[in-house]
Amino acid sequence: MEARTHIRVEDLSVWYGGHPALKDVTLSIPDKKITAIIGPSGCGKTTLLKSFNRLIDLQEGVRMEGRILVDDEDITAPGADLTRLRKKMGLLFQRPQVLPMSIFENVAYGLRIHGENDRLRLGEKVEHYLRMAGLWAEVRDRLAAPAAKLSIGQQQRLCLARGLAVEPEVILGDEPTSALDPHSAERIEQRFLELKRDYTIVLVTHILRQARRLADYAAFVYMGELVEHGPAAELFAHPKDPRTEAYISGRFIESTGEDPD
Amino acid sequence: MTQARFIEEKIFRGLMLAAAGMVAGSLGLILATVFVKGFRALSFDMLFKTPQGGYYIGGGGGIANAIAGSLVLGLGATLLALLVSLPLVFYLNVYLRRRSRLAFFIRFSLDVLWGIPSIVYGAFGFTVMVTLGLKASLLAGTLTVGLLIIPIMARSMDEVFKMVPPELHEAAYALGSTRWEAAMKVILRQAFPGLAAAVLIAFGRGIGDAASVLFTASFTDALPTSLFRPVATLPLAIFFQLGTPFPEVQERGYAAALVLTLIVLAVSVLARALTRRVTRHSR
Ligand SMILES: Nc1ncnc2c1ncn2[C@@H]1O[C@H](COP(=O)(O)OP(=O)(O)OP(=O)(O)O)[C@@H](O)[C@H]1O
Ligand SMILES: [Mg+2]
Numbered sequence: 001m002e003a004r005t006h007i008r009v010e011d012l013s014v015w016y017g018g019h020p021a022l023k024d025v026t027l028s029i030p031d032k033k034i035t036a037i038i039g040p041s042g043c044g045k046t047t048l049l050k051s052f053n054r055l056i057d058l059q060e061g062v063r064m065e066g067r068i069l070v071d072d073e074d075i076t077a078p079g080a081d082l083t084r085l086r087k088k089m090g091l092l093f094q095r096p097q098v099l100p101m102s103i104f105e106n107v108a109y110g111l112r113i114h115g116e117n118d119r120l121r122l123g124e125k126v127e128h129y130l131r132m133a134g135l136w137a138e139v140r141d142r143l144a145a146p147a148a149k150l151s152i153g154q155q156q157r158l159c160l161a162r163g164l165a166v167e168p169e170v171i172l173g174d175e176p177t178s179a180l181d182p183h184s185a186e187r188i189e190q191r192f193l194e195l196k197r198d199y200t201i202v203l204v205t206h207i208l209r210q211a212r213r214l215a216d217y218a219a220f221v222y223m224g225e226l227v228e229h230g231p232a233a234e235l236f237a238h239p240k241d242p243r244t245e246a247y248i249s250g251r252f253i254e255s256t257g258e259d260p261d
Numbered sequence: 001m002t003q004a005r006f007i008e009e010k011i012f013r014g015l016m017l018a019a020a021g022m023v024a025g026s027l028g029l030i031l032a033t034v035f036v037k038g039f040r041a042l043s044f045d046m047l048f049k050t051p052q053g054g055y056y057i058g059g060g061g062g063i064a065n066a067i068a069g070s071l072v073l074g075l076g077a078t079l080l081a082l083l084v085s086l087p088l089v090f091y092l093n094v095y096l097r098r099r100s101r102l103a104f105f106i107r108f109s110l111d112v113l114w115g116i117p118s119i120v121y122g123a124f125g126f127t128v129m130v131t132l133g134l135k136a137s138l139l140a141g142t143l144t145v146g147l148l149i150i151p152i153m154a155r156s157m158d159e160v161f162k163m164v165p166p167e168l169h170e171a172a173y174a175l176g177s178t179r180w181e182a183a184m185k186v187i188l189r190q191a192f193p194g195l196a197a198a199v200l201i202a203f204g205r206g207i208g209d210a211a212s213v214l215f216t217a218s219f220t221d222a223l224p225t226s227l228f229r230p231v232a233t234l235p236l237a238i239f240f241q242l243g244t245p246f247p248e249v250q251e252r253g254y255a256a257a258l259v260l261t262l263i264v265l266a267v268s269v270l271a272r273a274l275t276r277r278v279t280r281h282s283r
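Chains as they are written, first to last, in the numbering used here: chain B, 1 to 261; chain P, 1 to 283.
Simulated from the structure, these hints should not be mistaken for lab results. Note that this is a predicted model, so its numbers are computed, not measured. Treat the hints with care, since some could be wrong.
In silico BS3-like cross-links for lysine-lysine, where the CA-CA straight-line distance does not exceed 27 Å [claimed, not checked]: (1) P:Lys185 - B:Lys125; (2) B:Lys196 - B:Lys32; (3) P:Lys135 - P:Lys49; (4) B:Lys149 - P:Lys162; (5) B:Lys32 - B:Lys240; (6) B:Lys33 - B:Lys196; (7) B:Lys149 - P:Lys185; (8) B:Lys125 - B:Lys240; (9) B:Lys33 - B:Lys23.
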């Protein structure tokens with residue numbers, strides 16, 4: 001698989017208050033593909049994902065070493081423009097976190113803070129991104145209702161629309177389907193498969209079957225270490241490291257979260 | 001053993017019921033007392049007229065001076081406390097790191113201030129007035145009560161901010177918000193009902209306090225017209241009227257207590273309703 005690299009991680013180490021969470025991770029995330037990050041609980045998947053948009057900076061006592069290049073720009077350099085970086089990356093959380101405002105305003109928020117104030121264009125764009133997230137038909141009649149009134153599955157698609165609205169290049173998902181029912185989860189997966197035409201997608205998942213279904217590229221993290229990475233088909237069929245082999249064959253105690261569908 | 005556990009359970013249940021009953025009972029009893037004793041004296045004159053000559057020995061008039069005074073002083077003090085509390089709480093929760101030493105020190109100071117009895121605030125206000133050569137006035141009373149309710153307001157707001165899930169901060173930043181945008185457009189919105197409740201709670205506490213205004217605001221039969229004149233307040237109106245030996249004046253004291261209780265009750269009900277809204281927002 002020859003693909004352009006979108007995010008390049010070089011010797012990344014992260015500590016929380018002296019406790020190491022990632023050790024010397026070097027990894028290239030291919031452009032316009034779905035990359036799955038898998039590994040047992042607490043191995044550092046979220047930490048890696050949140051390093052990409054420097055959301056990790058919000059944690060207390062965090063220290064970072066190494067470099068991350070996004071579009072060949074070092075985002076770990078002092079003085080890096082974090083709001084611009086974060087605008088480039090949409091993030092979906094494990095549990096959808098809607099903003100305390102209406103459905104419409106949730107999507108319009110990002111547009112507004114990045115300078116779109118024209119009412120007409122706002123309306124058009126909100127509709128466009130709600131359609132893209134596959135939510136438009138369900139909410140077109142109640143755009144003014146509080147977003148918190150939506151079901152969890154709908155909220156997650158709203159978060160997707162909200163993230164897409166700031167026109168990112170990368171979509172980061174931290175177990176974005178784990179709080180959803182199987183049907184909602186499937187709808188989100190469907191979206192991802194459609195979106196990878198235009199976006200680079202990085203997906204943290206506990207669900208190996210999901211990783212198999214979606215991923216073009218896969219990385220296995222274990223105890224803060226990047227054990228193995230490569231084209232997904234290859235990694236799942238012929239893991240090189242015994243730890244990867246053990247994990248994907250389900251011989252890890254921690255490897256719960258296999259989806260019940 | 002099973003028997004013992006059963007009895008244990010029964011005793012504990014009994015204790016809990018008794019405690020709950022005592023709380024509900026004393027609330028009911030207080031309301032009933034104030035209502036029964038004060039209701040008859042409650043009249044148009046009581047609410048809308050100032051004390052006439054000989055009011056405190058049974059003459060005509062009402063407690064409009066104290067109602068107006070308490071509302072003006074309470075609102076002023078609340079506004080003052082809000083001007084201090086809101087920036088302070090934003091600073092603590094959005095700008096300072098959560099485990100910072102300064103944040104710890106500020107919260108600790110607020111807790112200590114909260115615990116200081118209001119008479120001490122009154123005495124402190126009085127001392128400052130004497131040093132500055134000021135007389136008891138609406139201004140001095142407002143400042144003192146403002147000081148009294150700052151810790152109440154700020155700490156309640158602080159708790160509201162702590163209830164905002166960290167993921168909401170993250171969601172706001174992940175969309176490329178600046179700190180200011182995250183604070184003003186997302187966090188404030190989420191916290192707003194809770195903050196309003198904190199303001200109301202502080203107002204209720206301020207308007208009902210007697211000891212802090214005793215020396216600083218003094219008392220007058222006139223309606224409040226100037227920041228630099230003494231002002232009447234409901235708690236002191238109650239105190240003075242109950243202190244007379246005349247049953248009809250005492251009855252008016254209860255009527256004043258009823259008015260004050262109703263104001264505070266209305267404010268707490270409103271605060272409750274707002275708090276329910278905030279909890280409904282955060283799953
Ligand atoms: N804010 C924090 N402060 C201190 N330690 C943290 C913090 N966040 C994470 N850690 C620790 O860092 C390690 C990696 O955490 P991380 O959240 O990245 O794991 P994860 O792979 O996402 O786990 P999970 O699958 O359970 O979500 C864990 O040992 C965790 O306890
Ligand atoms: Mg995680």
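Each hint tested on the structure:
Proposed proximity of Lys185 of chain P and Lys125 of chain B is supported: the alpha carbons are some 20 Å apart, at most 27 Å. With a C-alpha separation of about 5 Å, the suggested pair Lys196 of chain B and Lys32 of chain B falls inside the 27 Å cut-off, and the hint holds. Of the supplied pair hints, the one linking Lys135 of chain P and Lys49 of chain P holds, its CA atoms being roughly 26 Å apart against a limit of 27 Å. Taking the CA atoms of Lys149 of chain B and Lys162 of chain P, the gap is near 23 Å; set against the 27 Å cutoff, the hint holds.
With a CA separation close to 25 Å, the supplied pair Lys32 of chain B and Lys240 of chain B stays within the 27 Å bound. Proposed proximity of Lys33 of chain B and Lys196 of chain B is supported: the alpha carbons are some 6 Å apart, at most 27 Å. A C-alpha spacing of about 20 Å is found between Lys149 of chain B and Lys185 of chain P, which places the hinted pair at or below 27 Å, so the restraint holds. In summary, the hint linking Lys125 of chain B to Lys240 of chain B is not supported, as the alpha carbons are separated by about 46 Å, beyond the 27 Å threshold.
Between the alpha carbons of Lys33 of chain B and Lys23 of chain B the distance comes to roughly 25 Å, so the proposed pair stays at or under 27 Å and holds.
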